[in-house]
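There are 2 protein chains.
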Amino acid sequence: MSVTLQPVALTPSSDLPIGDFRTSTGGVIADARLRYRVFGDVALARAKGASLVFHALTGSADVENWWEPVIGPGRALDTSRHPVIAANLLGSCYGSSGPSTVVDGSFPELTALDLARAHLPLLQHLGIERLAIVTGGSLGGMVALQWGLITPVPVDRLVVFAAPARASAQAIAWNAAQRLAIEADPAWQGGRYPVLQGPSAGLAAARAIAMITYRSLVEFDERFGRRQTRRAGQFDVEYYLRRHGEKLVERFDARSYVALMGAMDSQDVGDLEAAGRRTAQRVKEVVGVGIDTDILYYPHEVRGWVEGYARGGANARYEEIRTPYGHDAFLIEFGEVESILRGER
Amino acid sequence: MSVTLQPVALTPSSDLPIGDFRTSTGGVIADARLRYRVFGDVALARAKGASLVFHALTGSADVENWWEPVIGPGRALDTSRHPVIAANLLGSCYGSSGPSTVVDGSFPELTALDLARAHLPLLQHLGIERLAIVTGGSLGGMVALQWGLITPVPVDRLVVFAAPARASAQAIAWNAAQRLAIEADPAWQGGRYPVLQGPSAGLAAARAIAMITYRSLVEFDERFGRRQTRRAGQFDVEYYLRRHGEKLVERFDARSYVALMGAMDSQDVGDLEAAGRRTAQRVKEVVGVGIDTDILYYPHEVRGWVEGYARGGANARYEEIRTPYGHDAFLIEFGEVESILRGER
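As you go down the protein sequences, you meet chains R and C in turn. Throughout the first sequence, residue numbering follows the numbering used here, covering 1 to 345 in sequence. Throughout the second sequence, residue numbering follows the numbering used here, covering 1 to 345 in sequence.
Please keep in mind that the hints were generated in silico from the structure rather than gathered at the bench. All values reported here derive from a predicted model rather than from experimental measurement. Honestly, I wouldn't trust all of these hints.
A short, non-exhaustive set of chain C residues, derived as facing chain R with CB atoms under 7 Å [to be verified]: (1) Leu123; (2) Ser168; (3) Leu180; (4) Gly202; (5) Ala205; (6) Leu217; (7) Phe220; (8) Phe224; (9) Phe235; (10) Glu238.
Ideal Cβ positions, reconstructed from N, Cα and C, are used throughout, including at glycine.
So here's chain R without its partners, still in its complex pose (with noise of 0.2 Å):
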């Protein structure tokens, strides 16, 4: 399988200034840059169109490490037919511009949408004129949803997972309490924290809190249960969600953490029938996909919106990911994600 994943492994990634970045809350990120990858030829690209990948909240360009059995020549995200463009998103810590970059504390608020317009002057770099799947999960989702409404290119699918048009209270609360879990660690300063010395606790806190709305009932009882094996007088659920957040604490800034899940608070694409209308003019089909087990964003939630763009004429349907995993399906269910990213279903 060397021959198929190499021309993905070998990507390297780049860097693209985009300027001063004028934020959707008035703020400004001077000097912003995109770190971004390039799966496949981008003359390809530019001549037959592209596909655009966005990642979900602790992610990166890196498609490979999240996606790689759906991306690749002959893959659902087939890099021989469609080269695939991801960034990372603004706000992030894997090379754009976040809060960690601004050593004064004074990165500004982003929103989803923030996080879509960063990707024109992207695009607009490389050329490209037509957009064959836009896609993305979770937060990935929502930029998804952002991008559809201000695409200046024509898209042929945008593939939706696990994401809301407008995030509910309930996913708010989830966000606030892993706010309140990093300020609870006094080494958050307001994230006015040295490189390195970050609210390492508290970030973990905050992980172990995201990991059980990624999951499901069904999927810790049956991965878990009441055992204790792992340390003694320790549930394996708890030893778990510890581990998980002690390895995001080794890759991840808690300031990033926190912008990021602020652009998912924002997110909202305001009366869904205007949304739906404004998202037909340049993309031809919508796919809204659900999770059945996903407690963080309630598959009624993704049929929601689907119904709505609908009504205002665009081409919409939704689709459901039927799994134990909850909402994380859309990074382990790759059958099903590979069969939808096609368009088999």
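Chain R is fixed; fit chain C onto it per the hints.
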């Protein structure tokens, strides 16, 4: 209505020394004591039987503070017929022995069975020979289920609201995330902090997590939606969670919170049919009450143990409260709680 309320409101608290209390896991609480109240006439309770009420995680023996509409003369828990006995649970911080009364941090781990067992000397002390109702919700419901396994006196009805017979991995996970949030506050110090110098930020974050699991998507959306009316730039739901955190910190000790979460995690009656069989020895009727929107202890969990108990020979039936309020409905939907306690459904 003051005539109805006065007998309850005037009930004084009493302290009962229960000697050295040996926990299920082999620990000892030296010179343990229970703070309790009897709502109504003890002589009547001896002659006609009492009711026994267990409070939830941050509740207390002051039942009128959280179940006011259902306790009193003529009410569902009719104190003029069967006086109500309620004790502050062992491990809590409202007068009974708990981790904040043992200065060296040696307070042992507690199980839900321990919390039930601590009531044995209380019943003996009061001379109670029959219980008309044994009831509680959430942690109180778990303790009620444990009581069914060990009650030395006959029980007419065991009414368990929103409680599992076996804490799920997800329920344990919510508590684990709360422990992580508390530990993220360095004031926690493994529970060895001076009085009033506890991990207030950590406990507030834990409370925020818990509050989300106590309510529902629908209620939060109806009540808060995406409004920002309380504080500029902050969603009302976040204001609400922060306020609840601050309020809990003023009235509850983090050590007790952690101790009682541990008791919740311990909840496991073992084989359901065997537990039902054992419960049936002294309990005439078992009513398990699920809440349709409960995301902490799902209604199908309650239905599951009811069915298991019934297979084991208990006279057990399932009732469901339909409500937008989620888990907390047993503290809100008093009409439903009342009719269930009265046995009218």
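Right, here's what the structure says about each hint:
At a threshold of 7 Å, the smallest CB-CB gap from C/Leu123 to chain R is about 30 Å, leaving the interface hint violated. A hinted interface residue such as C/Ser168 counts as satisfied when its beta carbon comes closer than 7 Å to some beta carbon of chain R; here the least separation is about 6 Å, so the hint holds. The restraint placing C/Leu180 at the interface with chain R holds, with a minimum CB-CB distance near 4 Å, inside the 7 Å limit. Annotation: interface hint on C/Gly202 holds; nearest CB of chain R at approximately 4 Å, less than 7 Å.
Annotation: C/Ala205 was flagged as interfacial toward chain R, and the flag holds, the nearest CB pair being 4 Å apart, inside 7 Å. Hint status for C/Leu217 relative to chain R: holds, with the closest Cβ pair at about 5 Å, below 7 Å. At its closest, the beta carbon of C/Phe220 sits 4 Å from a beta carbon of chain R; the interface hint therefore holds under the 7 Å criterion. For C/Phe224, the interface hint holds, since its Cβ comes within 7 Å of a Cβ in chain R; the closest pair sits about 4 Å apart.
Hint on C/Phe235 holds. Least Cβ distance to chain R is approximately 5 Å, under the 7 Å limit. Checking C/Glu238 against chain R by beta carbon gives a least distance of about 4 Å; that is within 7 Å, so the hint holds.
This entry does not satisfy hint 1, going by the numbered hints stated previously; all others are met.
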